[in-house]
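Protein chains: 2
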Amino acid sequence: EGNVADGQAKSASCAACHGATGKANNALYPNLAGQNAAYLALALHDYKKGGRSGGQAGIMQAFTSALSDQDISDLSAYYASQKP
Amino acid sequence: EGNVADGQAKSASCAACHGATGKANNALYPNLAGQNAAYLALALHDYKKGGRSGGQAGIMQAFTSALSDQDISDLSAYYASQKP
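Just so you know, the protein sequences line up as chains A and B, in that order.
Read in order, the letters of the first sequence are residues 10 to 93 in this note's numbering.
Read in order, the letters of the second sequence are residues 10 to 93 in this note's numbering.
This is chain A alone, in the form it adopts within the complex:
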């Protein structure tokens, strides 16, 4: 259901930390390239619900608060499509 091209178009904020190619620019952040789309969507929904703490969870909750279910599907499809 996620659209890779739409996900790419929505990924500018993500790329600041997770890299334009899904390789994080800081070892404290996860690489996303090639990660399973279903897991990425689950994690984004969890951050949005405030279900994660520690690390950058506060920033992730702020970013994900603006995301619709479709946004989450698109972003997940986009990062899953990248070469790890």
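Don't read these hints as lab results, they were simulated from the structure.
Identical copies go unnamed one by one, so any copy, or any two together, can satisfy a pair.
Here are the simulated lysine to aspartate or glutamate pairs, DMTMM-like style, with alpha carbons at most 25 Å apart:
hint, residue 1, residue 2
1, K32, E10
2, K58, D80
3, K19, D80
4, K92, D80
5, K19, D55
6, K32, D55
7, K58, D15
8, K19, D78
9, K57, E10
With chain A's structure known, arrange chain B on it following the hints.
The following block gives chain B in isolation, referenced to the frame of chain A:
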């Protein structure tokens, strides 16, 4: 500080879901191969502290509750060393 060989020796429980080569056997679980060691350690400590909910967080808390700081460092080094 993490030791790859020690991490491998401690990874049997992890492999049941995250795969012997760090490729998850279910798309709802994350691939770990090639993930940043610092992020993996952060996530494992967060699970251990009960800082994550949703998905398999309850199972992850149970597994990580038995891990020492050194175990977490070793497991993180091991999965980071795998080819994504």
